[in-house]
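Enquirer: Protein chains in written order, with the working numbering: chain E, 1130 to 1225; chain L, 1130 to 1225; chain C, 1130 to 1225; chain R, 1130 to 1225.
I should point out that these hints are in silico values taken from the structure, not numbers from a laboratory.
Some clues are possibly wrong.
As the list makes no split between identical chains, a pair holds if one copy fits it or if it spans any two.
Unchecked claim - Below 25 Å or equal to it, Euclidean Cα-Cα: the simulated DMTMM-like pairs (lysine to aspartate or glutamate) are:
no., residue 1, residue 2
1, Lys1159, Glu1203
2, Lys1145, Glu1207
3, Lys1140, Glu1214
4, Lys1210, Glu1191
5, Lys1165, Glu1207
4 protein chains.
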Amino acid sequence: MTGAHGYSARKDNYTKRLRRIEGQVRGISKMIDEDKYCIDVLTQISAVNSALQSVALGLLEEHLGHCVSHAVAEGGEEADKKLAEASAAIARLVRS
Amino acid sequence: MTGAHGYSARKDNYTKRLRRIEGQVRGISKMIDEDKYCIDVLTQISAVNSALQSVALGLLEEHLGHCVSHAVAEGGEEADKKLAEASAAIARLVRS
Amino acid sequence: MTGAHGYSARKDNYTKRLRRIEGQVRGISKMIDEDKYCIDVLTQISAVNSALQSVALGLLEEHLGHCVSHAVAEGGEEADKKLAEASAAIARLVRS
Amino acid sequence: MTGAHGYSARKDNYTKRLRRIEGQVRGISKMIDEDKYCIDVLTQISAVNSALQSVALGLLEEHLGHCVSHAVAEGGEEADKKLAEASAAIARLVRS
Chain E
1130 MTGAHGYSAR
1140 KDNYTKRLRR
1150 IEGQVRGISK
1160 MIDEDKYCID
1170 VLTQISAVNS
1180 ALQSVALGLL
1190 EEHLGHCVSH
1200 AVAEGGEEAD
1210 KKLAEASAAI
1220 ARLVRS
Chain L
1130 MTGAHGYSAR
1140 KDNYTKRLRR
1150 IEGQVRGISK
1160 MIDEDKYCID
1170 VLTQISAVNS
1180 ALQSVALGLL
1190 EEHLGHCVSH
1200 AVAEGGEEAD
1210 KKLAEASAAI
1220 ARLVRS
Chain C
1130 MTGAHGYSAR
1140 KDNYTKRLRR
1150 IEGQVRGISK
1160 MIDEDKYCID
1170 VLTQISAVNS
1180 ALQSVALGLL
1190 EEHLGHCVSH
1200 AVAEGGEEAD
1210 KKLAEASAAI
1220 ARLVRS
Chain R
1130 MTGAHGYSAR
1140 KDNYTKRLRR
1150 IEGQVRGISK
1160 MIDEDKYCID
1170 VLTQISAVNS
1180 ALQSVALGLL
1190 EEHLGHCVSH
1200 AVAEGGEEAD
1210 KKLAEASAAI
1220 ARLVRS
């Protein structure tokens, strides 16, 4: 399915950040290949995790403000489904 | 500096996993570009975070078993330094 | 202020779980006082963190399904405020 | 078993912090009982999680500097066991 989502207006912002994250992951692989100091590798991994979480939190906020809120406004089964789905996604983020 | 580290023996294992993670990040970027459903994008981000944490935990275990333990065995200032450094890296992982 | 919130209907469920968590924290303190093995203490701390996160995720789901969704349905400044507030709370959970 | 551990010298510091955390958990329960605003409850839960993680990171650092490092210095099966055990505890902290 292709269609408008909560995040659609800021698509370029997200894909740009993800390309940068992709480069950071490539850099970590290179650090290991070059036997860089373990702690420095771990610092980079933490930085990538933070950057990814930041992307996820942005997507989530837009999802809550569009999809979930509209479904709740309409009520019924779809509202419950969207809410449960968003909560499960939040739980995965908290635990990952 | 290039030299042997705790993780050196398993370098290929780590670089292989990081290349896969790099591909996953590229896939997330593509999902956003194709307007995929937000929750599915979030699920992929959680998967990448888990995969990165798993790499980090492996590197850390080898670091503790080599670098840190050897420094503690020798004692002195270097032991304290290595221990504090490893603890700070663990704290960053816990909080990222 | 006292009033109905998203979680009000399940208040007893939450206070009961928090009383159990309170007892677990007291137990951890006792373990340290009795010089229990460090790893066993850490296992208990992880269990308490998981239990607290589970309470937080439940409260959050109810908050999103009531407060936030209603505010978004009404629109305007309040909608933006509630959404930003919920997102900040999610970010704190993800990072704590 | 009662005996000296890495954390023994700072036992009072830890039990004092845990008593404070216990009080914070009791406060959260009271907030819910008094129908406080959900976001304020979540903020308190995040604060307790951070405080608990800080206790855990302290205990872990002392455990690594004593138990684990001594076991690694002696080598053999016990070294592997202690290291695997510490790594598993770190993984639980990262994921909880």
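Enquirer: Give a verdict on every hint.
Expert: To see whether the hints hold, each was checked on the structure:
1. Lys1159 to Glu1203: Neither. Shortest intra-copy (50 Å) and inter-copy (31 Å) distances fail the 25 Å Cα cut-off.
2. Lys1145 to Glu1207: neither (33 Å within a copy, 31 Å between copies)
3. Lys1140 to Glu1214: both (22 Å within a copy, 23 Å between copies)
4. Lys1210 to Glu1191: Close inside one copy (17 Å) and across copies (13 Å); limit 25 Å.
5. Lys1165 to Glu1207: Cα proximity of lysine 1165 and glutamate 1207: across copies only (19 Å, versus 51 Å in one copy).
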